[in-house]
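Work out the full structure: start from the sequences and follow the hints.
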Amino acid sequence: MKRDSGELALSYLERIRSLELRSRTKVMNVCGGHERTITQAGLRNVLPDGVELIPGPGCPVCICPEEDIYHAIQIARQPRVILAAFGDMLRVPVNAPKREPRSLEQAKAAGADVRPIASPLEAKRLATESPDRDVVFFAAGFETTMAPVAAMLAEGVPANLWLLLSGRLTWPAVAMLLESGRPGFDALIAPGHVATVMGPEEWEFVSRDHALPTAIAGFEPASLLAATYAVLRQLVDGECRLVNCYPQAVRNGGNARARQILTRCFDIVAADWRGIGTIPASGFALNDHFAAHDARARESWMTDPAARKRAGEMPPGCDCARVVLGRIYPNECQLYGRACTPRHPIGPCMVSDEGACRVWWAGGIRESVTTERPAAKAV
Amino acid sequence: MTDTHIALAHGNGGRLMRELIDEVFARCLDSPSLDTRVDAAPVPGPADDCELCVSTDGFTVQPLEYPGGDIGSLAVHGTVNDLAVSGATPTVLTVNAFVEEGLEIALLERLVHSMGQAARSAGVAIVAGDTKVLRRGEGGGVYFATTGLGVRARASDLGPHRIEAGDVLLISGPVGDHGAAVMLAREQFGLRGDVRSDAASVLGLTQALLDLDGLRFMRDPTRGGLATVVHEITATSRHGARLRETDIPVREPVSSVCEMLGYDPYYLACEGRVLAVLSPADADVALERWHAIPGGEQARKIGVTTTESPRVILETAIGGERYLEELEDDPLPRIC
Chain A
5 MKRDSGELAL
15 SYLERIRSLE
25 LRSRTKVMNV
35 CGGHERTITQ
45 AGLRNVLPDG
55 VELIPGPGCP
65 VCICPEEDIY
75 HAIQIARQPR
85 VILAAFGDML
95 RVPVNAPKRE
105 PRSLEQAKAA
115 GADVRPIASP
125 LEAKRLATES
135 PDRDVVFFAA
145 GFETTMAPVA
155 AMLAEGVPAN
165 LWLLLSGRLT
175 WPAVAMLLES
185 GRPGFDALIA
195 PGHVATVMGP
205 EEWEFVSRDH
215 ALPTAIAGFE
225 PASLLAATYA
235 VLRQLVDGEC
245 RLVNCYPQAV
255 RNGGNARARQ
265 ILTRCFDIVA
275 ADWRGIGTIP
285 ASGFALNDHF
295 AAHDARARES
305 WMTDPAARKR
315 AGEMPPGCDC
325 ARVVLGRIYP
335 NECQLYGRAC
345 TPRHPIGPCM
355 VSDEGACRVW
365 WAGGIRESVT
375 TERPAAKAV
Chain B
649 MTDTHIALAH
659 GNGGRLMREL
669 IDEVFARCLD
679 SPSLDTRVDA
689 APVPGPADDC
699 ELCVSTDGFT
709 VQPLEYPGGD
719 IGSLAVHGTV
729 NDLAVSGATP
739 TVLTVNAFVE
749 EGLEIALLER
759 LVHSMGQAAR
769 SAGVAIVAGD
779 TKVLRRGEGG
789 GVYFATTGLG
799 VRARASDLGP
809 HRIEAGDVLL
819 ISGPVGDHGA
829 AVMLAREQFG
839 LRGDVRSDAA
849 SVLGLTQALL
859 DLDGLRFMRD
869 PTRGGLATVV
879 HEITATSRHG
889 ARLRETDIPV
899 REPVSSVCEM
909 LGYDPYYLAC
919 EGRVLAVLSP
929 ADADVALERW
939 HAIPGGEQAR
949 KIGVTTTESP
959 RVILETAIGG
969 ERYLEELEDD
979 PLPRIC
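Sequence lines, in order, name chains A and B. Okay, so the first sequence: first residue is 5 according to the working numbering, each after it adds one. Okay, so the second sequence: first residue is 649 according to the working numbering, each after it adds one.
Calculated from the structure, these hints are not laboratory results. You can take every hint at face value.
Counterexamples of contact, computed for chain A against chain B with all Cβ distances above 12 angstroms:
| hint | residue |
| --- | --- |
| 1 | Q82 |
| 2 | E303 |
| 3 | E336 |
Using 25 angstroms as the maximum straight-line C-alpha spacing, the simulated DMTMM-like pairs for lysine to aspartate or glutamate come out as follows:
| hint | chain 1 | residue 1 | chain 2 | residue 2 |
| --- | --- | --- | --- | --- |
| 4 | B | K780 | B | E757 |
| 5 | A | K112 | B | E667 |
| 6 | A | K102 | A | D308 |
| 7 | A | K112 | B | E976 |
| 8 | A | K112 | B | E786 |
| 9 | A | K112 | A | D136 |
| 10 | A | K313 | A | E303 |
| 11 | A | K112 | A | E126 |
| 12 | A | K112 | A | E71 |
| 13 | B | K949 | B | E963 |
| 14 | B | K949 | B | E936 |
| 15 | A | K112 | B | D651 |
| 16 | B | K949 | B | D859 |
| 17 | A | K30 | B | E969 |
| 18 | A | K112 | A | E317 |
| 19 | A | K30 | A | D241 |
| 20 | B | K949 | B | D805 |
| 21 | B | K949 | B | E974 |
| 22 | B | K949 | A | E11 |
| 23 | A | K102 | B | D651 |
| 24 | A | K112 | A | D308 |
Just so it is clear, the structure is predicted and the values come from calculations on it, not from any experiment. Glycine is no exception: its CB is placed at the ideal position from the N, C-alpha and C atoms.
Next comes the structure, spelled out in structure tokens:
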């Protein structure tokens, strides 16, 4: 951490400690990057005991439906196909028969041409360099990932580039939690990168319609502590509004050009979230203009609905769904650190660098706690 | 080993790599004089008061050239530095080149030229070599392997076995530069940053400390970075280690790149830094000496060894704590 922001962080910490909170307070974040900063900086150790920081649905790999991963595996096994995917997706296991590959990594080991990539432009380059192959880009991600995917499409792509799109909007998952009647948190820290692209306005509904203080945070400990202070202060003062604690990057209206390109390429549709179910108007789908690049529409690549359904079943004992919803902490899952480790992950939350279980494991939290909260002290 | 096939992660410097080395190479070679934990192995020397050290290393970095260095100079610095942190003065090197069919000769010339320059400035002679050409598609342009011979005083006894609780950890300069520079040089991120590899010979830095009785151990934090070396220190010495985040130098552009890409600079490779462990009595002298020589200007004390359990605890800037663990898998491209 930079020196000056270290001092700033300490000053927010002092301000948080001086607040007189009336009851135990749960603050949810919905961004894997936030959870990583919280864990790596050890924020949970230094906050007052009554303040809980809860990781929520903030990892695109974790909420990507297993059906889509199964679909990607099946396409990768087709002749002449190169399947490109963000590296994190390769290791996520799905429920497939033992003789079949259960992850893209296993499909790759069994001979499928699966390429881990780090940017949409690499998928485009693969397609350009291999005109005699079908390059399928399995694009899973939130708004921040979908914007560059849309930019790539808008610039024009070769005919042999196909997209298996599994993009999601962040705010509808939070809306679903709030409308469920038991959101499980008292205040929200909204994602800085998403707000940079889509604008802070998307998050106003949380305070306006659900009376929960909300603050947008960046990715430095100082910014997260500023946001934590902003929401706790509101709870003490009985106020409720959206505060932008990441003004360096987040501007009203967001990135107008990125939003325009998203609208030009994608429709917003009801979408499945792993372990959560269908959330209305929460997914990106290629619009008619790009139908010729839609891997889902290609008949010879369609998968058997029964097999897809089976692939979508959560592994026995896996509590990723409740981790993603912030109902339990990662180490409250009975598999955490026992059957499920980064080396042998059972659920997606232990795979991705954005996954809460993986973040906690990398932060050195080894003890599985299956009793009651709080369970989050790292050291 | 529980794994049935080699994965890229077996080369990351972390736990998987250690298992591969211990459970395949050490076990199958079954050589009593092979110690897999040291950077350079002693062999009987030409005189009574000194011994020879041998070290060998392979280089597969992609891309072949990056800001601040290239695979040619890296192949020299890597082996020279392994000898240097073992307390030896490198004298000769051999080079094996595995060149892929189709590599542009002008590029190969640049790389080998850079290799020669690095060897001359480190005062080491390249005395033998071998060249193989691989079929197209079988290599990443060019791979190098270098083996180096060095001389050290027989009295020299450096190693984690000498580390005591309360010893001081010093780093010779900012960490993560090489790893970040190589990542940025891979076009895939579409980023350009003001980040250069720190690749250099550390011979001057190591020799400056060799006469200090309190010098316990030195290591160049390459693959797996600072965190991996300190982890190794705790695992071998059975002492705990506490590092202070605010004392670990990380250049501003490196920390920005890490923030953007979600990497942890403490796990990114350095190719021109030394981590040294010294008794408290000699730590200040060592720091002064480093400050006075090129490449050591930004040296810092970054932590201490403790009587706690053998894990690495990072005290964060806001007074929190977290463990630095062994790398699990390999999110990073090849960097050495």
